[in-house]
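Engineer: One-letter residues, chain by chain:
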Amino acid sequence: MTITLTLNGKKITDQISADCLLIDFLRSHGALSVKRGCETSNCGLCTVFLNDVPVLSCSMLAARADGQTVTTLEGLQDEAEEFGAFIADQGAEQCGFCNPGFIMNAIALLRENPSPTDDEIREYLAGNLCRCSGYEGQLRGIRAFIDYRQERSRS
Amino acid sequence: MLTIKEYVKAESLAQAYELNQKKVNRLLGGMLWLKMQNTQINAAIDLSGLGLDFITETEDEFSIGAMTSLRSLELHEGLNAYTQGAMKESLRHIVGVQFRNLATVGGSLFGRYGFSDVLTMFMAMDSYVELYRAGIVSMEEFAAMPYDRDILVRILVKKTPRSFAYLSHRNTRTDFPVITCAVSLLKGEPFSQTASASLDVPDASFAGERNLQKTFVTQPVRVCFGARPHRSVLFTDEASRLAREISEESIEAFWNDVDEKLVTGTNTRASGEYRRHLSRVLLKRALLQAGGKNV
Numbered sequence: 001m002t003i004t005l006t007l008n009g010k011k012i013t014d015q016i017s018a019d020c021l022l023i024d025f026l027r028s029h030g031a032l033s034v035k036r037g038c039e040t041s042n043c044g045l046c047t048v049f050l051n052d053v054p055v056l057s058c059s060m061l062a063a064r065a066d067g068q069t070v071t072t073l074e075g076l077q078d079e080a081e082e083f084g085a086f087i088a089d090q091g092a093e094q095c096g097f098c099n100p101g102f103i104m105n106a107i108a109l110l111r112e113n114p115s116p117t118d119d120e121i122r123e124y125l126a127g128n129l130c131r132c133s134g135y136e137g138q139l140r141g142i143r144a145f146i147d148y149r150q151e152r153s154r155s
Numbered sequence: 001m002l003t004i005k006e007y008v009k010a011e012s013l014a015q016a017y018e019l020n021q022k023k024v025n026r027l028l029g030g031m032l033w034l035k036m037q038n039t040q041i042n043a044a045i046d047l048s049g050l051g052l053d054f055i056t057e058t059e060d061e062f063s064i065g066a067m068t069s070l071r072s073l074e075l076h077e078g079l080n081a082y083t084q085g086a087m088k089e090s091l092r093h094i095v096g097v098q099f100r101n102l103a104t105v106g107g108s109l110f111g112r113y114g115f116s117d118v119l120t121m122f123m124a125m126d127s128y129v130e131l132y133r134a135g136i137v138s139m140e141e142f143a144a145m146p147y148d149r150d151i152l153v154r155i156l157v158k159k160t161p162r163s164f165a166y167l168s169h170r171n172t173r174t175d176f177p178v179i180t181c182a183v184s185l186l187k188g189e190p191f192s193q194t195a196s197a198s199l200d201v202p203d204a205s206f207a208g209e210r211n212l213q214k215t216f217v218t219q220p221v222r223v224c225f226g227a228r229p230h231r232s233v234l235f236t237d238e239a240s241r242l243a244r245e246i247s248e249e250s251i252e253a254f255w256n257d258v259d260e261k262l263v264t265g266t267n268t269r270a271s272g273e274y275r276r277h278l279s280r281v282l283l284k285r286a287l288l289q290a291g292g293k294n295v
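Quick mapping for you: the protein sequence lines, in order, are chains A and B.
Taking our numbering, I'd label the letters of the first sequence as residues 1 to 155.
Taking our numbering, I'd label the letters of the second sequence as residues 1 to 295.
Among these hints, one or two may not hold up.
Derived CB-CB ranges, DEER-like [what the hints assert, rightly or not]: (1) B:S48 to A:I12: 15 to 25 Å; (2) B:R149 to A:S153: 26 to 36 Å; (3) B:Q21 to A:D118: 47 to 57 Å; (4) B:T215 to A:C38: 43 to 53 Å; (5) A:E39 to B:Q15: 50 to 60 Å; (6) A:E151 to B:N256: 36 to 46 Å; (7) A:D89 to B:P146: 28 to 38 Å; (8) A:Q68 to B:Q37: 20 to 30 Å.
These are calculated hints, taken from the structure and not from any lab test.
Idealized CB from N, CA, C, for every residue including glycine.
Construct the entire structure; sequences and hints are all you get.
Structural biologist: Shown next, in the form of structure tokens:
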């Protein structure tokens with residue numbers, strides 16, 4: 001079957017099999033930030049935006065994205081780079097494998113709720129597993145980024 | 001591994017129903033559970049083009065399309081105001097936001113899973129499913145029905161004045177629950193009500209054959225246990241233990257009634273005995289919370 005979708009601002013048309021998962025479609029079109037992790041819809045590594053809403057690309061048929069807009073980390077370069085620097089500053093990643101999915105979902109959180117409490121951050125990111133860090137560094141990084149943004153908007 | 005030969009985006013409920021009568025074909029909800037299965041599907045039938053992603057609220061009821069995501073339910077202000085936050089509480093522990101953006105209420109309910117937070121919560125409400133072929137069925141009746149090839153079109157929730165509480169226990173955060181407990185208490189006297197529906201989805205060809213009106217007596221007390229790990233089950237206060245007051249003593253008397261009938265089982269997450277112990281604890285806390293007592 002043929003699908004057409006907008007990936008990171010570019011329209012793509014391709015032939016796919018009916019059971020092609022969105023993650024495989026995206027990786028085959030160069031979006032290598034999208035990682036395959038648990039395969040049980042639990043770890044959040046494969047998080048992408050479907051029409052600006054975070055979803056698990058490992059658990060969705062590519063066919064269902066036909067006619068939709070998909071954004072991966074590659075499409076959020078500037079936003080992700082700025083935020084990622086705060087995560088790195090806190091030493092909040094070790095192997096870094098969870099980072100693309102984590103950054104995608106953190107960006108989704110901050111778009112939805114620009115000033116979340118610590119509990120709101122923990123709850124929103126509960127679907128992003130990291131087996132290195134213990135999450136405290138990530139929490140510090142998000143807090144530092146929020147503080148920086150608020151400071152910048154005041155000045 | 002899940003393999004699919006053909007993907008069909010249904011153009012009408014009639015088409016989806018027809019295709020779904022073959023066992024080799026499957027309806028897609030959020031397909032999160034389906035994807036975990038080792039199965040071969042001939043045609044995967046997608047309902048996402050049929051306008052079934054909606055929550056509408058009137059003075060008397062909520063109407064929720066089968067393809068509405070769990071995240072939309074969780075964030076719906078009207079549902080959360082009506083349930084005093086119990087709806088959100090029942091959903092926010094399910095994996096993560098990305099998961100709940102994909103999972104659909106229709107898929108969650110139709111599966112009648114033995115781990116379901118969603119079914120437990122809806123059974124504590126005066127809620128009904130609208131099935132394409134069978135029409136309107138109360139949620140508790142639906143929960144006990146055998147699996148068939150019908151299509152869940154939408155959910156109706158009557159806004160009877162009730163106070164709610166929802167509690168669950170998990171071994172680890174975002175995991176399946178070990179036990180779930182939803183409670184609702186009617187404010188005022190029991191009364192009968194009618195649940196009715198008119199199809200406002202694109203295809204109403206079965207409308208003449210379907211049961212689209214049903215009268216029910218709303219129960220003063222609705223207590224539902226899920227993740228037993230069997231399908232959710234409803235208890236009402238037949239002996240009126242809680243009719244005079246909600247207190248530790250009346251709850252204990254009610255629990256004794258429940259204890260005789262509640263079946264809990266053992267799986268890798270917990271033993272049946274442990275689930276029974278937790279059921280008693282959650283029942284007490286939920287009833288006190290719904291009854292406005294300090295927990």
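Engineer: With reference to the structure, classify each hint as holding or not holding.
Structural biologist: Results for each hint:
1. B:S48 to A:I12: 15 to 25 Å: holds, 20 Å
2. B:R149 to A:S153: 26 to 36 Å: About 55 Å separates the Cβ atoms of R149 (chain B) and S153 (chain A), which means 26 to 36 Å is violated.
3. B:Q21 to A:D118: 47 to 57 Å: Cβ of Q21 (chain B) to Cβ of D118 (chain A): about 51 Å, so the range 47 to 57 Å holds.
4. B:T215 to A:C38: 43 to 53 Å: At roughly 47 Å between Cβ atoms, C38 (chain A) and T215 (chain B) fall inside 43 to 53 Å, so the hint holds.
5. A:E39 to B:Q15: 50 to 60 Å: Cβ of E39 (chain A) to Cβ of Q15 (chain B): about 32 Å, so the range 50 to 60 Å is violated.
6. A:E151 to B:N256: 36 to 46 Å: Since the Cβ atoms of E151 (chain A) and N256 (chain B) sit about 60 Å apart, the hinted range of 36 to 46 Å is violated.
7. A:D89 to B:P146: 28 to 38 Å: violated, 57 Å
8. A:Q68 to B:Q37: 20 to 30 Å: 25 Å Cβ-Cβ, so the 20 to 30 Å window holds.
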